[in-house]
Amino acid sequence: MAERLAQLTTYRRLAGASIRARAQYRLTFALDFAAQFVAGLSDFLAILVIFHHLPQLGGWSLPEVAFLYGMAGISFALTDLWIGQLDTLGQMIRLGTFDVFLVRPLGSLFQVVASELQLKRLAKAGQAAAVLAYALANLHIAWSPARILMVAVAIGSGAAIFSGVWIAGSAISFWTTDVQEIVNSFTYGGSFLTSYPINIFGAWTRRLLAFVVPMAFVAYYPSLFILGKPDAVIGQPALAFASPLIAGLTLLAAAAVWRSGVRHYRSTGS
Amino acid sequence: MRAYWETAVRGYRRYATYRGATLAGAFTNTVFGVMRGYVLLALLEARPHVGGYDASDALTYVWLTQAMIMITYLWGWNELALRIVSGDVAVDLSRPIDFQGYWLAGDLGRALFHAIFRGIPPFLLGGLLFALHIPIDPRRWLAFIASLVLATVLSFSLRFIVNLSAFWLLDYRGILNVTTLTWTFLAGFVIPLNFLPEGPRAVLEALPFAGILQVPVDVFLGKRLGLDLLGALVFQAAWAAALLLAGRLLLAAAVRRLVVQGG
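Sequence lines, in order, name chains F and H.
Offset between the first sequence (1-based) and our numbering: plus 206.
Offset between the second sequence (1-based) and our numbering: plus 15.
Don't read these hints as lab results, they were simulated from the structure.
Incorrect hints may appear among the rest.
For each label pair, taking beta carbons as the anchor points, the in silico distance ranges come out as [unchecked claim]:
(1) F:T215 x H:L265: 44 to 52 Å
(2) F:N344 x H:E94: 44 to 52 Å
(3) F:E322 x H:V218: 35 to 43 Å
(4) F:A212 x H:P215: 47 to 55 Å
In this text, a Cβ means the ideal position worked out from N, Cα and C, and glycines have one as well.
Whenever a hint applies, use it, and build me the whole structure from the sequences.
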């Protein structure tokens, strides 16, 4: 317990330092924030343009897709805020700076994650939250305690699933630093996939990216449950309740991959 | 002329060094192609014609734009900005060769490498997975290659200007990120420009960004033929020339305030 508390204090200090460092470049920070917002906005504009031609996409109305997009977007943005630094792991390994983390008395994953906190990533969360608010205003959801609870559970589980995929994917860098970009297929690719009803994707894409990499449990099943939509194509809304379990398993698997990666790691030498 | 040719060859070879990264990038381009393809397919299955595209046109648009991400270097080109920040740009400026031409030559060499290794493989895979619209008329291919080269020059002219901002700003990354993400949409990467409602469509089709992706794709699909094809190529060339000129003026302004420390 005391150790956890120490970690929390350390995290707060490191995060504070990185926020202060970023604040030195005000214009860059403002532009980065704007860039994140524009990126999110243009993804949603694409959805709006599609619905300009159609009343329904794969059986989902615009407010329903907006709900899905908002839920998945918030989960992804929280994950990115929390562990987006993992994208620089390959660079840390190439430059040899990762070695420093191994001689300090804290977990290596914790230190990589805590090495930077980029507040600009809140822009994406804000944009997704705005889309979710639009969805809620235009949907007539039959709210029940279970459904309200599911909103929180889904966002948390979604963030945990994204985190697990991100950690496990980044750990590939311990074996080879060359193929970092493959990880993007699963992290940013996952973010793209989860913004749309998964039933519109072809059978193999669905199987691979929705179940092997369990992206279907991020927002899709919880949204089916909350919106009261039936789904005969790939399972039932009740699968929403499996989301926290899948999230836990993903994190466990990710931790195992990370540990095995660190054991395998032999530094860059010279 | 020989110096430009050698620079282009070096540009090609520099990227050829990173084999693993190239493979990983092509893999990611393919994954996104599959996902983007299914989204547009869901739209075109419900509405067989949107903005003059049928399903096969839309899928070809997806895979062609995926293939062109790296050819036109849509995202985050910062080589010149890095030279400016480090001060190495002073060396580039003192070479007995035109500065902008030197960078353009290197970029065209790079683009050829990316066309072969980041463009063609994902596009071929896309062709195996989906029914794409692939022209058989060799004249169409020639027109497309011309349009692709112009798209690369046009994209370079914009990237050159954005990178020059490093002469004035302490940290160029903010401006690089915001411009990159904005023109991703304006070029027609996120959604084809012809899918937009009339008003926005007309505006975006007149801006230079359309020449980076939308125009070459439409040339490939045979949506621009005869005089219209000529108009498409002139549109790209005129914007490229204007923006290259703007880049030169900006460079001249930057060089006037550049102080080289030496000893």
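Is 44 to 52 Å respected by the C-beta to C-beta distance linking N344 (chain F) and E94 (chain H)?
holds (46 Å)
Do the beta carbons of E322 (chain F) and V218 (chain H) sit within 35 to 43 Å of each other?
holds (39 Å)
Distance restraint hint 47 to 55 Å, applied to the beta-carbon atoms of A212 (chain F) and P215 (chain H)
At roughly 54 Å between Cβ atoms, P215 (chain H) and A212 (chain F) fall inside 47 to 55 Å, so the hint holds.
Is 44 to 52 Å right for how far apart the beta carbons of T215 (chain F) and L265 (chain H) are?
Once the Cβ atoms are compared, 48 Å apart, the range 44 to 52 Å for L265 (chain H) and T215 (chain F) holds.
In this structure, every one of the numbered hints holds.
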